[in-house]
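Could you build all of it, start to finish, from the sequences and the hints given here?
There are 2 protein chains.
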Amino acid sequence: MYSKLFSVTMAAAFCCSISQIKAQTNVADDFKPSPLNQPGQEYPQVNSQGYARFKIKAPQADSVKVSLGLGGRGGTRLIKGTDGYFTGTTEGPMDEGFHYYHLTVDGGTFNDPGTLNYYGSTRWESGIEIPARDQDFYALKNVPHGNVQQILFPSASTGTSRRAYVYTPPGYEKEKSKKYPVLYLQHGWGEDETAWSNQGRANLIMDNLIAEGKTKPFIIVMTYGMTNEVKFGGLRNFKVDNFQTVLTDELIPYVDANFRTVADRAHRAMGGLSMGGMETHAITLNKPDTFGYYALLSGGLYTPEETAGKAKPMLIFMSCGSRERPDGVKTAATNLKNAGYNAVSYVSENTGHEFQTWRRSLHELAPMLFTK
Amino acid sequence: MYSKLFSVTMAAAFCCSISQIKAQTNVADDFKPSPLNQPGQEYPQVNSQGYARFKIKAPQADSVKVSLGLGGRGGTRLIKGTDGYFTGTTEGPMDEGFHYYHLTVDGGTFNDPGTLNYYGSTRWESGIEIPARDQDFYALKNVPHGNVQQILFPSASTGTSRRAYVYTPPGYEKEKSKKYPVLYLQHGWGEDETAWSNQGRANLIMDNLIAEGKTKPFIIVMTYGMTNEVKFGGLRNFKVDNFQTVLTDELIPYVDANFRTVADRAHRAMGGLSMGGMETHAITLNKPDTFGYYALLSGGLYTPEETAGKAKPMLIFMSCGSRERPDGVKTAATNLKNAGYNAVSYVSENTGHEFQTWRRSLHELAPMLFTK
Chain U
6 MYSKLFSVTM AAAFCCSISQ IKAQTNVADD FKPSPLNQPG QEYPQVNSQG
56 YARFKIKAPQ ADSVKVSLGL GGRGGTRLIK GTDGYFTGTT EGPMDEGFHY
106 YHLTVDGGTF NDPGTLNYYG STRWESGIEI PARDQDFYAL KNVPHGNVQQ
156 ILFPSASTGT SRRAYVYTPP GYEKEKSKKY PVLYLQHGWG EDETAWSNQG
206 RANLIMDNLI AEGKTKPFII VMTYGMTNEV KFGGLRNFKV DNFQTVLTDE
256 LIPYVDANFR TVADRAHRAM GGLSMGGMET HAITLNKPDT FGYYALLSGG
306 LYTPEETAGK AKPMLIFMSC GSRERPDGVK TAATNLKNAG YNAVSYVSEN
356 TGHEFQTWRR SLHELAPMLF TK
Chain W
6 MYSKLFSVTM AAAFCCSISQ IKAQTNVADD FKPSPLNQPG QEYPQVNSQG
56 YARFKIKAPQ ADSVKVSLGL GGRGGTRLIK GTDGYFTGTT EGPMDEGFHY
106 YHLTVDGGTF NDPGTLNYYG STRWESGIEI PARDQDFYAL KNVPHGNVQQ
156 ILFPSASTGT SRRAYVYTPP GYEKEKSKKY PVLYLQHGWG EDETAWSNQG
206 RANLIMDNLI AEGKTKPFII VMTYGMTNEV KFGGLRNFKV DNFQTVLTDE
256 LIPYVDANFR TVADRAHRAM GGLSMGGMET HAITLNKPDT FGYYALLSGG
306 LYTPEETAGK AKPMLIFMSC GSRERPDGVK TAATNLKNAG YNAVSYVSEN
356 TGHEFQTWRR SLHELAPMLF TK
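Chain order of the listed sequences is U and W. Position in the first sequence (first residue = 1) + 5 = this note's numbering. Position in the second sequence (first residue = 1) + 5 = this note's numbering.
Hints listed in this document are in silico derivations from the structure and should not be mistaken for laboratory results. Remember, it's a predicted structure, so these values are computed and weren't measured experimentally. Some clues are possibly wrong.
[To be verified] Restricting the straight-line Cα-Cα distance to at most 30 Å, the calculated cross-link-like pairs of lysine-lysine (DSS-like) are:
(1) Lys179(W) <-> Lys221(U)
(2) Lys146(W) <-> Lys244(U)
(3) Lys62(U) <-> Lys60(W)
(4) Lys315(W) <-> Lys184(W)
(5) Lys183(W) <-> Lys221(U)
(6) Lys60(U) <-> Lys62(W)
(7) Lys244(U) <-> Lys146(U)
(8) Lys183(U) <-> Lys181(W)
Written out as structure tokens, the structure is:
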């Protein structure tokens, strides 16, 4: 079945430079509501090929556009019907997985009232999910579930209580004497501490891996990386100091005091996606005695020169989507391996700088953590 | 200071039947961004009198309306400026506290891109907060904080894993042998399990009360009351059976197995707001051996006839806003007291069927729970 779908998908993809009407003769008529719709909402919809279809009520509006569309083509313009609804379908199939988007209604930016919202691009955006062939690994299944809890930890350096989310694995409450390792997992620029469980489904990925016996149970801590607060004029100007203080001087001691953790570097990992990878890179190199496992998800590379002379990490994991720079992570891992490090690269097929890459990366990473 | 504000507010309120321009000569020029705005967003704004001001970019739109306004007056119509922004101020002051709203842009329903969203009216709506004189009791303060965690519990009766949020009080993780009472706390129609912590700030109300030594620490469990799934053709048609099964046969056993609870009726309370109060009323009367404390927040009344002959509740709490039917809860409490019950009524001043009433009600209720 998959090969059949694939051939249709590829055909459609190659047609995209010709007129929309022609291309859309190949569109399968099996549209269903996106899994991320608000309760009871029929639109947006997605089909088995990855096309997305939108329907927006705005009877007196002149123009409704959807920011989502094929890369660089400026989104999808919806067509107004006599019933007051604007409708339209993406010109081609979207990558599998999660996508942010928004509407432009008569020149103003609004969210699609049909969908749930997700924090990205420094705002709560509409979300849509293109069901993926491998969606099973992050599906909600009838397995024991861990919990995701909001904690508010005191932060003297920023003069407030700050929020983090903590995933505790299934059984955490019952096995009262067991202690767990911890992964500190960072979101990307424009996102916040909600991203990894909302968009990333980190908790379900872990629940499923644990149920299959594929990973050790561990805690995941996700907090706000302050990535939107810095004067972010390009990567060169980013300073990690403020966040490093919050993370290593405030959050980690709080987590170690309030959760049953094994509080040493061999049982503490740091990882992050995109901008969160840059933070991970900087902080692990600044604090090599704090973290024993490093992971960059579409978030840069380590070189043997950077890590030389410091406490040796048990694992360096680097990943990205195949539409990013897969050769970069592969070469970096090879260089690190040649220098004697336990380095692993992973490339997510047919995805770019987006959450499907990072869901898959976490799924690959988790079984390698805390195994030394 | 408060009396001064009050006189201005009242004057403005009495003016509201005359022209908007005239009324707004009384509007104080101290507008600030609503506390519920998305990070960095300047609008909507609120002033010290409770007026709300909106600013929406929609250069090509003809009409933008805000659903929020004085009761029954159909909201606030915004005026388009030459800069492409629509602006406007409510005709009069709003009640203190939290309000849901949405925009109508050229006939379509959208959220205000400036604000956070809250689930109400069976959709994620824009939220705005009118700072209240008594906002201190639900403010985020530098006190020990409890956690709010998402749990996914197996539900055979509905064939899925269902979500609940669990508030555990400060110290829950550290005091590993201590067991806690539990309040099951329900949202209203159109809302879901996120309402009590997002709109209601139940966790902060508890943190602050506990820090002041005014209440015993207890756990709060908030789950989806299925109130939006029933064919809800008026209260008469509501059947509580499905939700009662989820709550008493599935969720309570799960919570008792996975959290350190005292699993008896003397340490188990049920409360709810509006529709959640109706559920509380029905389920406590159906299962008098399960719950020892009952609370209806703008959610109906108990009569001595209903409770007669059943296990006697340790407390019956009934509340509402002064703009609802305060005499109803007062009379019901008197009748119950005369019949030998420990019944309490509470009326929130100058509020209606809205979250400020319910925040205050929880603040009043918590110290009375689990004291027998």
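Margin query: For a C-alpha distance cap of 30 Å, please report whether Lys60(U) and Lys62(W) respect it.
Written below: holds (22 Å)
Notebook entry, point to check: Can the restraint linking Lys244(U) and Lys146(U) be considered satisfied, given a maximum Cα separation of 30 Å?
Noted result: Not satisfied, since the Cα-Cα distance of roughly 41 Å exceeds 30 Å.
Margin query: So if I understand the rule, the pair passes when the alpha-carbon distance is 30 Å or less; does Lys179(W) with Lys221(U) pass?
Written below: At roughly 24 Å apart (the allowed maximum being 30 Å), Lys221(U) and Lys179(W) satisfy the hint.
Checklist line | Agreement of Lys62(U) and Lys60(W) with the hint, judged by alpha carbon distance not exceeding 30 Å | finding: Holds - the C-alpha atoms of Lys60(W) and Lys62(U) are around 22 Å apart, at most 30 Å.
Note to self: Need the status of pair Lys146(W), Lys244(U): alpha-carbon distance at most 30 Å?
What the structure shows: The hint holds at about 28 Å.
Item checked: 30 Å Cα cutoff - pair Lys183(U), Lys181(W) -> holds (12 Å)
Checklist line | Distance restraint between Lys183(W) and Lys221(U), which requires alpha-carbon spacing of 30 Å or less | finding: holds (28 Å)
Margin query: Between the alpha carbons of Lys315(W) and Lys184(W), is the straight-line distance 30 Å or under?
Written below: Holds. Lys315(W) to Lys184(W) sits at ~27 Å (cutoff 30 Å).
In the structure shown, a violation is registered for the earlier hint numbered 7 alone.
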